[in-house]
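Enquirer: Chain residues, written in single-letter form:
2 protein chains.
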Amino acid sequence: MTQPIAQKEIDDLLSRLDARDLSRATIRQSVAVTNALEQMTGEKFSHLEIGVPGLPPCQVGVDAQKAALDRHVSSIYPPIGGIAPLKENAARFVEAFVGTKVTPECVVPTVGSMQGCFNLLLEGSRLDPKKDTILFLDPGFPAQHAQANVLGIPSQSFDLYQYRAEKLGPKLEEYFKQGNIAAILESNPNDPACVCRTDEELRTIGELATKYDVIVLEDMAYMCMDFRQDLSHPFQPPYQASVSHYTDNYVMMMSASKIFSYAGERLGIVVFSPALFNREYPHLRELYGMGRMGDNYILTFLYVASSGTSHSAQHAVAAMLGAAADGTLDFVDELEEYGRRARIVKELFTRNGFHIIYDRDNDRPIGDGFFFTVGYGTMNNRDIITNLMRCGVATISLLTAYSEQSGVRVCVSALSTDEQFQVLDQRLKMFNEYFKDCK
Amino acid sequence: MTQPIAQKEIDDLLSRLDARDLSRATIRQSVAVTNALEQMTGEKFSHLEIGVPGLPPCQVGVDAQKAALDRHVSSIYPPIGGIAPLKENAARFVEAFVGTKVTPECVVPTVGSMQGCFNLLLEGSRLDPKKDTILFLDPGFPAQHAQANVLGIPSQSFDLYQYRAEKLGPKLEEYFKQGNIAAILESNPNDPACVCRTDEELRTIGELATKYDVIVLEDMAYMCMDFRQDLSHPFQPPYQASVSHYTDNYVMMMSASKIFSYAGERLGIVVFSPALFNREYPHLRELYGMGRMGDNYILTFLYVASSGTSHSAQHAVAAMLGAAADGTLDFVDELEEYGRRARIVKELFTRNGFHIIYDRDNDRPIGDGFFFTVGYGTMNNRDIITNLMRCGVATISLLTAYSEQSGVRVCVSALSTDEQFQVLDQRLKMFNEYFKDCK
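Here the protein sequences line up with chains A and B, keeping their order. Going by numbering that gives the first Met the number 0, the first residue of the first sequence is number 0, and it counts up by one from there. Going by numbering that gives the first Met the number 0, the first residue of the second sequence is number 0, and it counts up by one from there.
Calculated directly from the structure, the hints in this document are not laboratory data. Hints are not guaranteed to be accurate.
Just so you have them, the derived chain A footprint on chain B, three or more residues with Cβ under 8 angstroms [stated by the list, open to error]:
{"hint": "1", "segment": "46 to 56"}
{"hint": "2", "segment": "67 to 73"}
{"hint": "3", "segment": "134 to 147"}
{"hint": "4", "segment": "255 to 262"}
{"hint": "5", "segment": "290 to 300"}
{"hint": "6", "segment": "309 to 315"}
Glycine included, C-beta positions come from ideal geometry on N, C-alpha and C.
The following block holds chain A by itself, in its conformation from the complex (with noise of 0.2 angstroms):
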């Protein structure tokens, strides 16, 4: 590729997949455009779209998870609660590298933290009749505003991009003030952007919490992957950063997927605070006989949704945090890799004119990780994800992970050789050339 693709390519494209412009477009749209773009020009793209693992699965996970096959589990119907070692090892991982207490009975295997989150706000705005609605910090993961959106669960969002800091909490408390809000839900690192609040911001938001009586749901995918700080030794701080540290209404979710690289098994877990799990509400004894949280989301909620997750991976899951929580297993060492990505390929990114929009934690840069945004001077969302795909770079626009941002999502996940940041070096460098004048 030695010159971009015609803009007329890519819109006739687009017309005849019935897509208005690729900033708004589905994820199988881009991928549909992405492929008929790959094929006209027979050549790969740079993939900084594809939010997947890009390393091994955990060995222990695979070899403990194939014993579990040949001892018959799959013939026996898991616990919908979970299996006991998973539990048990669970509550191990989380103290030690959470830094925070909670007992078994409060950790429940999900599908995939996404399960755990559709759950989650199901029961969340059933909690209690006056509070029904979800309040999202974004920008985040656009999925769970579209499991909002499918359960009929009202939302309210802000981009906290403005609102860091001492901003943070009256914006918090605007929104806590008007009654309604049952729960919020919030990242650390977080997709789209890698941004990971601080302890003070952690600590407004748990406090406020605790005062109007909010749920806060923390998205855990990306845990440990803050390479500002070690967070690899168990039992050790520095912990991850977590709003358990300051409420006990906080709910945990965590995934083997980008952690352990199990994405394919779709497992998660969901940890909840002792008291929330223990706490009676009148509201869910009215509508499902029962009063308890936590045995709501299993036997209400959960058995309806499934029954249960994979008995076997449910085994895999239990001996790798297990591994983890003993040392025997450095995890966040495996995962530094994507670190190493991200410095190589945000250098590429802004020597070629790029700068990076969420680039600071208040007093500090962002940490090197999964993701990080991009824009190029003040051009719109449409403009640069479009003339990124016509220089060979497919990414995913800001606009559909509610950022209020002009610019672009990239993974590093599918990057890792040589040749291939190369040819994103050439990509970006051909985009600055010929799209400099639009800046």
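Go by the hints and put chain B onto chain A.
Expert: Frame of chain A, contents of chain B only:
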């Protein structure tokens, strides 16, 4: 156990568990009562309440799943619409055993039929703003009623007991004429009674479904378990009874749990009629930006529910479906073991004064399969389940299956040895001696 446990013991246990009576207890409360009584008496009860596979998993599946894990599928997100070998083998399997042709595109794996049904109820109620109600042909699987309840979807139901043969059509039409029925749910053979609708009844359902544009959700959890005919030969009649022979408005749900004794891995498949899969619904397009029923099922509903189902288990089920269609895995022969157990256990109940409630499919006695239903004279729901429990026999009340008859469901999967049958015989004899005056 030489005489029934005192009624007071059971009343005390129930009051401690905050439960009204055994016929309305949740499964969890029942299990707690049984456990407590087993501890108290030091005897293991006859467990006729549990609907779990009582056979080892198909080895074809175990081997394929382990091989897939060795190929590292556990690190790779599964396609939400399913891996190609699963879709292809499932389409062949459906033609081989149901005698209905579908394309691989129309087959979608789910986290058990539970997830399949959950999302079919959800999507079914959103196809047309005028049609929001599900009609259940009961008695049926209580969890499916619970799904509608959790989702806030209106439902209606009737007990098929009095509406067989020529009475079925007019009854169905009463409901369909209301104009609000989106879908009906039915199952052959059904839980809890092993009732199998005749071809004439299925023709009636199919033709009315077409006439009133209602979707038939056909739960095939116990497919090929009507042992009154030999359904074991692929691509040869007789085929599994199915409404798909009489209408294009069908969606079948199949599950690996019972037919391949693979309940642990939570793997089901949903099989859309090609006409429905490709049908455009303007209301879906308005809500989700996509119009086709199949696209929305996969990309809107399953995406946010769990983003697909276990990658390695998809390979297991692909292998089992393929081997069954090839005729190298005679899964029907393996399942015939449940028929043997049912014949023995039915004889024990009838010899000791019980009668089969749902006893005929019009002109024929019902088949011997996974379940059957029994009553005892005019003894009411509450007394029959409680008195059986007092004699060491745990069952499930027909009340919970939305039946209007008084009696219990007996599941034969957990009984297999001569000793277990003898113990059950003694307990039923004790029941009949002790309670014959209450008949």
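Enquirer: Next, verify each hint and record whether it holds.
Expert: Structure-based check of all given hints:
no., hint, verdict
1, 46 to 56, "holds (count 5)"
2, 67 to 73, "holds (count 5)"
3, 134 to 147, "holds (count 3)"
4, 255 to 262, "holds (count 4)"
5, 290 to 300, "holds (count 3)"
6, 309 to 315, "holds (count 5)"
Violated hints: none; the structure is consistent with every hint.
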